[in-house]
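S.K.: Chain residues, written in single-letter form:
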Amino acid sequence: MTAAAAFSEREHMVVKVARDIEDGANYWVAGGGGPLYAVLLADRLGYAKEAQYITEDGVIAPEAELPFQAMGSMMSSRAGYRAAHWGTMNTAGDHAQLGYMDYGILNTLQVDQHGNINSTVLGSYEEWTRRYGGPGGAQTIAAQCWRTILMTDQQKRKFVNRVDFISSPGFLDGTEGARERAGLPAGTGPWRVYTPWATYDYEERKLRLIERSPWVTVDDILEECECKPLLAPEIGVSEPPTDEELGVYRTELDVRGQTMDRGTWVIKQDDGTYQRQEMGA
Amino acid sequence: MQVLEQGSADYFAVDPDGHRAWVREHKERRQVSKLMDEHEAVARFVADGDYMVYDCNYYSRGPSSLLREVMRQGKHDIWLCGKFTYVAVSLLVGAGVVSAVDVGFFGRSKVVEDAVRDGSLTMYEYSNVTLTLRLRGGAQGLPFVAARSWGGTDGFEYSGAKLVQDPFTEKPITLLPSLNPDVALIHAHQADEFGNARIFGTGIAHQEAAMASKKVIISAEEIVSAEEMKRNPGANSIPYYVVDAVVEAPFGAYPGIMAGIYSSDAAHIPELYTALASDSLDGYLDKWVHSVGSHEEMLAERVGVQRLLQLRREEIITEGYRA
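Line order of the protein sequences matches chains A and B. Each residue of the first sequence is one higher than the one before, counting from 1 in our numbering. Each residue of the second sequence is one higher than the one before, counting from 1 in our numbering.
I should point out that these hints are in silico values taken from the structure, not numbers from a laboratory. It is possible that part of the hints are untrue.
Computed cross-link-like contacts, DSSO-like style, restricted to lysine-lysine with a CA-CA straight-line distance of at most 30 Å [said to hold, decoys possible]:
{"#": "1", "chain 1": "A", "residue 1": "Lys-156", "chain 2": "A", "residue 2": "Lys-49"}
{"#": "2", "chain 1": "B", "residue 1": "Lys-162", "chain 2": "A", "residue 2": "Lys-206"}
{"#": "3", "chain 1": "B", "residue 1": "Lys-27", "chain 2": "B", "residue 2": "Lys-230"}
{"#": "4", "chain 1": "A", "residue 1": "Lys-156", "chain 2": "B", "residue 2": "Lys-110"}
{"#": "5", "chain 1": "A", "residue 1": "Lys-206", "chain 2": "B", "residue 2": "Lys-171"}
{"#": "6", "chain 1": "B", "residue 1": "Lys-110", "chain 2": "A", "residue 2": "Lys-158"}
Using the sequences plus the hints, can you model the full thing?
M.R.: And the structure:
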């Protein structure tokens, strides 16, 4: 496996999540984009052949026919192909509430130091500057899967002290037992946050930086955090994607370049270091 | 039962006995034909001011032809169940149909933002599953449904939910008000004239929505005989006596996919997105809704036979989408 010569930062993020997919576990993945692609990539690359997933429309353990058509990553014949079961949204909700969903993976607009998620408004609820579409399935995923994984960009406006609106629950105010007091199942909650630059876990229900990408420093990451995360005693360095990983990702999953056509690319230099390069909008 | 916290928002009235009385009074028990065209179905069964639910969305097995007819007839003051929906909320808001939305998920647009800002649209906060649970409660004839989710969110405050102490485990649990919508629009693969309907593949809450609603309009790709429906009753998703109108609507989910029958129209999506990114949906709505008299006319004049046949060819997977 050869380290790729050029890739987008978001591709790196998806590959990181794919490598961490736990074999034999059940995932409830938010439809569309990174979360679903990460689970499928882990399957196609043989990293976690026995991990399975459910989508919001109640498709359980499909053998998805790739690539998906535009807007077709849920509720399409390709997405539901050769599934073990076809249900509905209440199927997904019930199975998560019963404890069958080990992990949930979500994209988010904004996350805070306790892993709370905003997908409703920017600004205050009464005086918002942007109105987004609401929590969708994420609220149930974040409430009921045993462990919640978030994927987002590393930007100061996304890593905030307190999200403008808790659309989906993290550790709420961060105190012990806050989720249980709010009526959520015991022992659930945020587990990891992945960005193109960094990976975080939680210590005592507070965000903690555990890994950086080779082309950024810890200071670069902290610069893009309004909420300053705790720092693990040793900050690891993530492995850039390989040609094999990107080959599957680009030809079978992100065939329309949703994670490639914008943002920042990373170019491998002759001396083995990595250089960021803005590709424009 | 001790109420620990409660949302402060209005919610659609919970009245299980009122619903039973409606069912007793209005729901036809006999197996009679309810076949009618989309115009009659919407004119008779969608009223201004109704709470309306539809299953799936404009991209996937949604009742798109019925939604266009609702817009064409200029229905207004509709309170919408906005679960698992992308552009349909924007289209209905842009067409002036909607005055309130229970938000599960919708695709962000300027049209919706503008309507909330100018006060013509009220948002109530939920999530996809809390809305399908509310429909389940309505489908069971119960006043509320319990959920081990939704608590702790800021949306809770702007919803009709209550956090109570569960009298059995003594742990906090969320109660959500059940939903019995005035009207449900559901697009099916097959239906017979009485209203028995088959939906193949996954869904969001088509059975819950049908059972919970006072008035139910089914559109179907294909009208089949009642005899055919009896050959495999286990494949039938919705029983006749909850259905008020049956509308034959081939390509009724256009531009969305009808799994096993036709693909979504990928070429339509950029047109829709361009409209949604602009200040007004008038041009889009004029072309696809108002300047045509019916779904059939839209298919003929705006899409064309060649394109429709192509969409059928593109849908190569058919396993599981037949009885």
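S.K.: Does each hint hold? Answer for all of them.
M.R.: Evaluation of the provided hints:
A threshold of 30 Å between alpha carbons decides the hint, and for Lys-156/A with Lys-49/A the separation of about 36 Å lies outside it, so the pair is violated. Proximity of Lys-162/B to Lys-206/A is assessed by CA-CA distance (about 28 Å); at most 30 Å being required, the pair is judged to hold. About 22 Å separates the Cα atoms of Lys-27/B and Lys-230/B, which keeps this hinted pair within 30 Å; it holds. Among the hinted pairs, Lys-156/A with Lys-110/B is consistent with the structure: their alpha-carbon atoms are about 25 Å apart, no more than 30 Å.
Taking the CA atoms of Lys-206/A and Lys-171/B, the gap is about 25 Å. The hint holds against a cut of 30 Å. Simply put, Lys-110/B and Lys-158/A have alpha-carbon atoms about 22 Å apart, close enough for the 30 Å limit, and the pair holds.
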